[in-house]
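Make the complex out of the two chains shown on their own, each in a separate frame, by following the hints.
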Amino acid sequence: MSITLRNVRKDYDAQTEVLKDISVKVETGEFFVIVGPSGCGKSTLLRMIAGLTPITAGEVSIDETVVNDLPPKARKLTMVFQNYALFPFMNVWDNVAFGLKARKMDQADVKQRVDEALKMVNLTELAKRKPRELSGGQRQRVALARAVASDAKICLMDEPLSNLDAQLRIKMRQEIYALQRKLGLTLVYVTHDQVEAMTMADHIMVLNDKHVQQIGTPSDIYQNPANDFVAKFFGTPQINILNAHRSQTDNHVLNVSSDLEIALDEEVPAENVKIGIRPDDMKVEATESVEANATVKNTEFLGDETIIYATLNSGEDIHVVVPGQVNYRIFQPIKVSADSNLMFFDTEGNRMNISKEAYVHA
Amino acid sequence: MDIITKPKLSRRIWDYALLTILAVVVLAPFLIGLWTSFLPTMQIAKGNFLSTQVSFQNYIDAFTQTPILRYLGNSLVISTATMIAQLIFCSMSAYAFVFLKFKGRKFLFGLFLATMMLPFEAEIIPNFQTVKALGLLNTYSVMVIPFLTSAFGVFMLRQSFMQMPIELKEAADIEGLGHFQFYWKMVLPYNRIPLMTLGAYSFLGAWNQYLWPMLTTFSNDFRPVQNGLRQLQSEETFNDWGMIQATAAIVVIPTLIVLFIGQHYFKSGVNEGAVK
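The listed protein sequences correspond, in order, to chains A and B. End of the first sequence sits at 362 in the numbering used here; the numbers just go up one at a time, nothing left out. End of the second sequence sits at 638 in the numbering used here; the numbers just go up one at a time, nothing left out.
The shape of chain B in the complex, shown without the other chains (with noise of 0.2 Å):
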């Protein structure tokens, strides 16, 4: 019998320094965008990325020169807006395909599925003219209303509903639990982890909404970050560097938020115990 033994020095060195060269092509940009944050930009602009005048003082003009606060506001409204709504619509239907026998369920469920295969880019020339006939350009609306609901949250959740013991069902029926009850009551607590899953998806995916908003907003009141960041680059004939970087540091911090929240809650075995 082999006993197992420890790999050889030289394949550890080797193995770490594969994995460090990695990591350092991947972390490099965002590590290089947080460094430029704190440079002051004429030092960027002469290419002295080793500077050691570090300040925050590109943060604190991004706050006060810049409609930052309220680019973050206006992404914030629509990201929340839109998550809330994907969640509700998508379990909703989602419960819809799962529990209620009705006919064409299947058919139904193959159109939906098929929606997904269409990009987005697509649907824009549609989307822009019904949304411009109701009148809806440059405002929060525009940005909600076509992401009220996603085929992808729908399948996602029938998926994680399918998963659940049909005893759960009959004991909730022998209980007497009408529909709208076993759905709050059973059905979301008890996939609270896909719903966490859809919810952050949902909200990254509004928070990095780019091409939708850039044809649909015309003013800093309701334009999204990910599109005030670029307004900030071109807006000024000489680009302050420094600033954009701090302003993107920012923009990218509740992306962070979210997913650590997220890889706080994704914790498996949560569910255990239900049967068996």
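Bound conformation, chain A alone (with noise of 0.2 Å):
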């Protein structure tokens, strides 16, 4: 079952504006992240789609059938909770199997759906207990149980995962992802996590401000982000901004003070240009002092790759990964470069279009 949104707003009341004009479609079968800032109203769209907070303008369709109207059950869709919203006085059974029995239906259905649902998600032997003898993780999986046992084939999260910790988000990532797959849910997934945006989407839709800033696959975003926010959003760590200017002899090139020099194919169209670096593409040298135009302010091994924070000498502060471990000092002289991979954002922080290749050196 697909859901159509077509230029939804909300509004609290006439001076708070929540969301703006979102317009966005969600195939059948989809895994699909809205993801943002806290505050951002991702929850409140959720909420909108499955009926349980009222829109103000625009029109919410599943399978083209418009539901504006439709109370939340006649929507057939399932809803996972941040915090699962379990019903403390029943058994993790019964939980499970409120849903199909506030729906009327058959007993020996019931009982069908409720063990073959328990057992994906391997709660088979905890039936009997009660949510407070559970943990976290086991929790969670109860509240995926009853998404499970439901015969709706629309599923909405609600940033699932946040009361987990590292460890067992990374596994319930899998089994959520694993479950969606293995049932051909249509899937709606809020988060605030771009990990987990990236690892599970089909598309991504970015949620600041009001506003959807773009809708896209994972890679379609981390790669060709529309403008500021959304690179600065994807990618740990944050990818670099640098305020750069065309420079006054050649058209060509744009600086960053007089540290970076930026050499393009093309002409630049502006006066004033954001560009942005990944920090993994960007190449650090130890150098003499003369030559060098940033220095280190301090270093963080990883294991497998370090992070350098350095301030370029205009005082513009950069981060850097570079793989494995290398030895800077504080304060050491560093020549920074890039060669590839730039991206390119007017002064409104929207992305320009301008190729990717060029060269930066110092």
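Simulated from the structure, these hints should not be mistaken for lab results. Check each hint, because a few of them may be wrong.
To be verified - No more than 35 Å apart at the CA atoms, straight line, and that leaves these computed lysine-lysine pairs for DSBU-like:
#1 K20/A / K408/B
#2 K119/A / K468/B
#3 K463/B / K104/A
#4 K463/B / K25/A
#5 K370/B / K468/B
#6 K130/A / K153/A
#7 K25/A / K283/A
Set out below in structure tokens:
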């Protein structure tokens, strides 16, 4: 079942606008991730799809049928909440069966579905336990089992993993992904975690400041971000965004102060440009202070790579990721450069159509 | 670093002595009452409190010579009816105040709370006029109808309903539960501890009523226990104190049972695991 949003808007009152003009189509069987910083309205958007929050304007359709005025039940979907929303006075089995019984499903059918769902999330042995007797990960599995047991083909998840620890999160991420594929669910998944978005999504919608910033595949969003917000949101450590201006002598050249010079094949279309360089696309070499364009502030060794925090001579902070272990002293003069994969943004932050291939040197 | 040591012996003796004295002061009336209930009235009248003629005779007398069973039965009917009514009506109106969005909700709730400021004594005269006009004097109804609901109960349940995670309501909406189903299948079981508290509170409140039944009942057929106790005292020219004490002890038993059962259930953490 597909979900279509057309120009959806949400105001809480005349002054507070939460979401503006959201249009998107989620295809059948797709793993669709809505990602954005906290407070960007992503949970509200999910609740609008579910029918828990009324929409102010626009149109929500499920399978080409407009469902604006349908109650949540009639939209035939399930929802997994951040805090699980289990019924504390029921055991695991009854928690999973509750929705099916509420829909007046045949008893034998309920039993079969619940048993199957519990088996799928490995909770068969814990069926008689109460939620309080379960660990966080197990509670999350109960919430998943509820979604699995339902015959609804749309599942909405609201930050389902954010209460789990890092290890468990990776494990559950894989389980959710596997379940989604196995059951062919159309899954709309809300998260603030760019890693979850990158690893699971077929398509990602980036929300910020009431607007859709970009909709695309993970690789598309990472490699061709629509603006500097999207570029900064994906990738750790964050992308370096540096202010550059067109050289007065050569309009094929951009300068970041006097520290970096970027030679382009084409003419620079604007006076001021922001350039984005991923930390792992940059290069560092130790050098004499005369030739250096930056000094080391700090280094962090992560095992397989090292993050170097440095300050350009002009005062702008940058960070560079280099493979393996490298040793730089604090305040050591270095020369940073890059040779491809540059992104160019205008002063508003929107992506400029300039070829990524350019050589950056000191 | 300081090492935590046991307090000095003299200090501990002092602490326990103080606690013991306080315990005796608090418990003395109960213990004296209970003790005298086992003594023959003649011994009590003589002031012979340390008599050894201890027996259950007073209890037997209480049951055989006074309408105490009738009083207990009356009180049981009144208290149970009041409790059930308060549980139903308070939980329903608390549900409305929490889960239904309607105009004037805050104002109405404020009005509810305002009635709590009014002392019961101030309501007695209009209430009496009302029940008299309805012809309810000297019936069970007269002791139940004015107490069918309580602002305090609504307030208490509203506070605890508001503590329910909003996701439970959303999950119920997605499963298509109507208001009544949500109330019955989610809200009531989720809030069983506050409901039990309110139940115990309203049962004991009704059980211990004195002023209102005194005004509205004139016969042993409807008189509840607290007024019955008073009745025993004034009916006799010679007060049979041993028997009165025995009756008082019997009257306290239901209170103790309710509190004991209550305590058993008031375990914390029963709702843990709903969220997070």
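Quick rundown of the hints versus the structure:
For the proposed pair K20/A and K408/B, the alpha carbon gap of about 90 Å is over 35 Å, so the pair is violated. Of the supplied pair hints, the one linking K119/A and K468/B is violated, its CA atoms being roughly 47 Å apart against a limit of 35 Å. A hinted pair counts as satisfied when its Cα atoms are at most 35 Å apart, and K463/B with K104/A qualifies at roughly 28 Å. For the proposed pair K463/B and K25/A, the alpha carbon gap of about 33 Å is at most 35 Å, so the pair holds.
Simply put, K370/B and K468/B have alpha-carbon atoms about 57 Å apart, too far for the 35 Å limit, and the pair is violated. Proposed proximity of K130/A and K153/A is supported: the alpha carbons are some 27 Å apart, at most 35 Å. Restraint check: the Cα-Cα separation between K25/A and K283/A comes to about 40 Å, which exceeds 35 Å; the hinted pair is violated.
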